[in-house]
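K.L.:
Below are the chains, spelled out letter by letter.
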Amino acid sequence: MSFDETFDVIVIGAGHAGCEAASAAARLGAETGLITLNLDLVGQMSCNPAIGGIAKGHLVREIDALGGIMGRVIDRTGIQFRLLNRSRGPAVQSPRAQADRMRYRAEMRRTLEATSNLHLRQGKVVDFVLDHGTLAGVVLEDGRRFGAGAVVVATGTFLNGLIHTGRRTYSGGRAGEPASIELSETLKRLGFPVGRLKTGTPPRLDGRTVDWSAFEPQPGDETPVPFSFSTDNIEQKQIQCYIGYTTPEVHDAIRENIAESPLYSGKIKGIGPRYCPSIEDKVVKFSDKSRHQLFLEPEGHDTNEVYLNGFSTSLPAEMQQDLVRMIPGLEEARVIRPGYAIEYDFVDPRELGPDLQTSRLPGLFHAGQINGTTGYEEAACQGLLAGINAALYTQKRESLRLRRDESYIGVLVEDLIKQGVDEPYRIFTSRAEYRLALRYDNADDRLERYGRGLGLVGDSDWDRFNARQSRLAKIRVALETVRLRRTDAQHAAVSALIGNDLGDSISLEQLSKRPKVTAALIMSLLPAELKPIAEADLNSVLADSLYAGYLDTQKAAIAKLYQHDTLKIPRHMTFRNIAGLSNEIVERLDRAQPLTFGEARRLPGLTPGALSTLLAFLSAQQKTA
Amino acid sequence: MSTIVALSTPRGRGALAVIRLSGPDAIAIARQMSGVDELEPRHATLVTLRGPNGDELDQVLLTCFNAPHSLTGEDVVEISCHGSPAIVRSIIDTTLELGAVLAGPGQFTLRALSNGKINLAQAEAIRDLIAAQTEAAVKQASRQLNGELSNALGPFKEKLLDVIVLLESALEFVEEDIPAPRANEIDNDLAVVSEGVEKLARSYSAGRLLQEGVRVTITGRPNVGKSSLFNVLIERERAIVTDIPGTTRDTLTEAIDLDGIPVILTDTAGLRETTDGIETLGIERTRRAMSDSDLVLVVLDGSEEVGPSDRELIDQTENIRRLVVINKSDLPGSNVPASCVEELRPINVSARTGEGLSTLRAAILASVSSNGVDEGGLLITNARHYDLLCSTQRELEVARAAFRERHSEELVLVPLHNALKFLGQITGETTTEDILSEIFATFCIGK
Numbered sequence: 001m002s003f004d005e006t007f008d009v010i011v012i013g014a015g016h017a018g019c020e021a022a023s024a025a026a027r028l029g030a031e032t033g034l035i036t037l038n039l040d041l042v043g044q045m046s047c048n049p050a051i052g053g054i055a056k057g058h059l060v061r062e063i064d065a066l067g068g069i070m071g072r073v074i075d076r077t078g079i080q081f082r083l084l085n086r087s088r089g090p091a092v093q094s095p096r097a098q099a100d101r102m103r104y105r106a107e108m109r110r111t112l113e114a115t116s117n118l119h120l121r122q123g124k125v126v127d128f129v130l131d132h133g134t135l136a137g138v139v140l141e142d143g144r145r146f147g148a149g150a151v152v153v154a155t156g157t158f159l160n161g162l163i164h165t166g167r168r169t170y171s172g173g174r175a176g177e178p179a180s181i182e183l184s185e186t187l188k189r190l191g192f193p194v195g196r197l198k199t200g201t202p203p204r205l206d207g208r209t210v211d212w213s214a215f216e217p218q219p220g221d222e223t224p225v226p227f228s229f230s231t232d233n234i235e236q237k238q239i240q241c242y243i244g245y246t247t248p249e250v251h252d253a254i255r256e257n258i259a260e261s262p263l264y265s266g267k268i269k270g271i272g273p274r275y276c277p278s279i280e281d282k283v284v285k286f287s288d289k290s291r292h293q294l295f296l297e298p299e300g301h302d303t304n305e306v307y308l309n310g311f312s313t314s315l316p317a318e319m320q321q322d323l324v325r326m327i328p329g330l331e332e333a334r335v336i337r338p339g340y341a342i343e344y345d346f347v348d349p350r351e352l353g354p355d356l357q358t359s360r361l362p363g364l365f366h367a368g369q370i371n372g373t374t375g376y377e378e379a380a381c382q383g384l385l386a387g388i389n390a391a392l393y394t395q396k397r398e399s400l401r402l403r404r405d406e407s408y409i410g411v412l413v414e415d416l417i418k419q420g421v422d423e424p425y426r427i428f429t430s431r432a433e434y435r436l437a438l439r440y441d442n443a444d445d446r447l448e449r450y451g452r453g454l455g456l457v458g459d460s461d462w463d464r465f466n467a468r469q470s471r472l473a474k475i476r477v478a479l480e481t482v483r484l485r486r487t488d489a490q491h492a493a494v495s496a497l498i499g500n501d502l503g504d505s506i507s508l509e510q511l512s513k514r515p516k517v518t519a520a521l522i523m524s525l526l527p528a529e530l531k532p533i534a535e536a537d538l539n540s541v542l543a544d545s546l547y548a549g550y551l552d553t554q555k556a557a558i559a560k561l562y563q564h565d566t567l568k569i570p571r572h573m574t575f576r577n578i579a580g581l582s583n584e585i586v587e588r589l590d591r592a593q594p595l596t597f598g599e600a601r602r603l604p605g606l607t608p609g610a611l612s613t614l615l616a617f618l619s620a621q622q623k624t625a
Numbered sequence: 001m002s003t004i005v006a007l008s009t010p011r012g013r014g015a016l017a018v019i020r021l022s023g024p025d026a027i028a029i030a031r032q033m034s035g036v037d038e039l040e041p042r043h044a045t046l047v048t049l050r051g052p053n054g055d056e057l058d059q060v061l062l063t064c065f066n067a068p069h070s071l072t073g074e075d076v077v078e079i080s081c082h083g084s085p086a087i088v089r090s091i092i093d094t095t096l097e098l099g100a101v102l103a104g105p106g107q108f109t110l111r112a113l114s115n116g117k118i119n120l121a122q123a124e125a126i127r128d129l130i131a132a133q134t135e136a137a138v139k140q141a142s143r144q145l146n147g148e149l150s151n152a153l154g155p156f157k158e159k160l161l162d163v164i165v166l167l168e169s170a171l172e173f174v175e176e177d178i179p180a181p182r183a184n185e186i187d188n189d190l191a192v193v194s195e196g197v198e199k200l201a202r203s204y205s206a207g208r209l210l211q212e213g214v215r216v217t218i219t220g221r222p223n224v225g226k227s228s229l230f231n232v233l234i235e236r237e238r239a240i241v242t243d244i245p246g247t248t249r250d251t252l253t254e255a256i257d258l259d260g261i262p263v264i265l266t267d268t269a270g271l272r273e274t275t276d277g278i279e280t281l282g283i284e285r286t287r288r289a290m291s292d293s294d295l296v297l298v299v300l301d302g303s304e305e306v307g308p309s310d311r312e313l314i315d316q317t318e319n320i321r322r323l324v325v326i327n328k329s330d331l332p333g334s335n336v337p338a339s340c341v342e343e344l345r346p347i348n349v350s351a352r353t354g355e356g357l358s359t360l361r362a363a364i365l366a367s368v369s370s371n372g373v374d375e376g377g378l379l380i381t382n383a384r385h386y387d388l389l390c391s392t393q394r395e396l397e398v399a400r401a402a403f404r405e406r407h408s409e410e411l412v413l414v415p416l417h418n419a420l421k422f423l424g425q426i427t428g429e430t431t432t433e434d435i436l437s438e439i440f441a442t443f444c445i446g447k
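For the protein sequence lines, the chains are L and G, in the order given.
Mapped onto my numbering, the consecutive letters of the first sequence carry residue numbers 1 to 625.
Mapped onto my numbering, the consecutive letters of the second sequence carry residue numbers 1 to 447.
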């Protein structure tokens, strides 16, 4: 076998998944080749120039705790930060930031170029090299062959990408970029089940032609909350976003021309995400709404371009210009880039193990949109996991697997590989049963040690983590041991505030659970020798305490309901032998190969009747064993 | 997939026995044993069954059912043969030789369940149906078999889901332009669900009695006529032969059908008199029997004065569900109860003549169904369901309290999801995907 270049790990695609994968693999000591169609577009945000949001922000934080790079990059390039759900509990608070799109790309590239063992290459992968059935490398369109022990496919929307604008359809992975057709054929040839999904993007406007006064400003937070544990402050100048609305006239115009939309003319076969609907979808499905919300998001300090969030569409380009002008405040607006819909291939993620390696071809890993997910953060966390495991694979070390009770990444991966996808998968907090335990602020508690164990978390980060842990420990001890006694000066005042007598002596921990008791109040009651105490640290400890009781009752209920979950299912069990299971269910079980009753229970399509049958069978087996 | 066979009627001698086969070979076996090729489905055919040697086993009525239109959803054959154990054995042995296997306990029901002919609640109802001792219990089990429990819970589950959808949307889609849920509406909805579930759960006490039988104990000092009363109650009613666990040699127990309610009547007769006339041992036994009871009949002798042991019994039973019965109303002077007894609203009967017995029977029935649940209503007869409904209701109350205290939604949602899971164990689970689908159908979400 001759190769023009040899690496340990090759990553195909330099989007959000690819960049994380390449960075992690390289830092784990693997010689890593990152191959992309266009080196100028490393780290490109395909649609919304923003990172984070509810649950998505959690993913970014977990990536950071593990030693990934997304958090750092957005911290350095974000231009409007908002912590969402401030008024709600800490478990559902999550940051979101608008990015300077160009600077994000530049910063991502700079980060990758500063990473040892990481080699950027421009080119298009069209095939794999197999050495007697074993993955050995990739073949590029221009004829070059690169060798590698492991390959991570992170091709985003480029596999057989088809762009639709009105009646025009053309091949493309993103507007202005070619699709990757041959690689898709290669995957099909290897026997991978391939499906079709779609997504869309709105038009971009020239900011100079927008009447900003007609819109409601949405400023960012005064003190931005960073994504990365390593970021102390956000230094960049911040901007505002703006909120606007469509009108009934706009809706009528869209409805009149709905036949021009490929989404409605039936031209598009792929299935789109329910939570990223086009404006056509919104107007048709929720026709009683007289207005739909829009966000104007400036794309950066060095450009006039504005992203029109909420107006995703694939109506003809000229029609988009007319429609936009019907929106109050956009009467003079010019569309710089029209919105469009894109269909693309994805590979059934049930082909993957928890390490994101395909079972069909060892050494081949899939990460990101190719697995049927949508969103930069969803892609990035898969990229991180795949990159880590690709490197570990070549080093013959044990892979990293994350559980759903310890991370949102674990929830996402398990959902994908166990259930597959019917439509693009986006992360929500409701997907995690242990939502209360998976907080934004405790991602490091849960995951930092994995990152350190692998070698992805450097010394300064590890020191910072340990310092925080000991601060938290001190606060915890203080809350338990410091008591507010009747003889103390503040006792009467605090009792009056709560409206109840506090008793002779109450620990600060117990006091913190009473209504109307704020973190600030607790802070004021802590002894002077402990101060100064960071508000964030105290909030973390209080959150643990707040949620502990609820987590316990949840665990008790789950234990009661799912007491049979740990019942083991023998490996390579022939489900057909169980009397009374329908063919369809036998198929599902054969496919998923659950190892415990709990895993079986979570499979889609398993009826209560079938589960009872399975349980009866396993229990009987257990008795005779 | 095997073909199972079992005797479907109780063991022992009888005029008829029914043997059932279910599975892919059932009809082939029937053809082979009967020698008849064309067996019209759902038609009882008189055939002669022969053994493997060709010798005649019995003349039987044979009915075939083609899948999926059968009890189990598979091919089913029912054989009604003469009820001799030897005949039954030989028929079953022959089917075994022809490839059938003996069914495990409940296996027919299991197959019906797996083939979707019945759901879990219905499967349990079948079990209850078989165990049902009276017509009323049969009625209850039949209702459950008809999916009534799942139907009754349906609207509550929907309402609970609506609340969950509202709260999840509020916390997940915080940047979207969706209306904020109204607090009093949510509180109302949760109250409706909680009360509905509680009402169903409450019916269990009556339901349990219906299923297991009301335990009625007859107490009273010697010679008040307990045994006569016991006998006449038994005699008048149709006796059910059944196994009563936990009976002692000192008590007589018999089960009767009182207007559809199974009553397990215990007579604390046979208590020995000691020389000083106070039966301490007897009182101890009585106390034990009473604590096991659902209803105590305190019997007094109407022809005599109310004595100290009478009074002691009345005191002892003050806090238990009881009826005071004054026996011997046929004797002179018995219809005027002593003043201390009058406010207890005693029932006057004569075990000898039968006078007052219908009033007594009615009073026993009334005390059982006095849980505020009308007998026409759906009763929960299953301990597992009762337990799940109680768990559901507990979680709902936790959620209501958290919501009223304006806790953040993710805290209120924990017990709500727990409640949904408990309900789901009866009616079937609601997944995260179901909830997400509901959210997106309700609200226009997405930028």
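Just so you know, not all the hints are guaranteed correct.
[To be verified] If you want a taste of the chain G side facing chain L, the calculated C-beta under 8 Å gives, among others: (1) Glu-172; (2) Asp-177; (3) Leu-344; (4) Asn-348; (5) Leu-411; (6) Lys-421; (7) Ile-435; (8) Phe-440.
Worth flagging that the hints you see were computed from the coordinates, not collected in a lab.
The beta carbon of each residue, even a glycine, is placed where N, CA and C say it ideally should be.
K.L.:
Now look at each hint and say whether the structure bears it out.
P.N.:
Structure-based check of all given hints:
no., hint, verdict
1, Glu-172, "holds, 5 Å"
2, Asp-177, "holds, 4 Å"
3, Leu-344, "violated, 44 Å"
4, Asn-348, "violated, 51 Å"
5, Leu-411, "holds, 6 Å"
6, Lys-421, "holds, 5 Å"
7, Ile-435, "holds, 6 Å"
8, Phe-440, "holds, 4 Å"
Checked against the numbered hints listed earlier, the structure breaks hints 3, 4; every other hint is satisfied.
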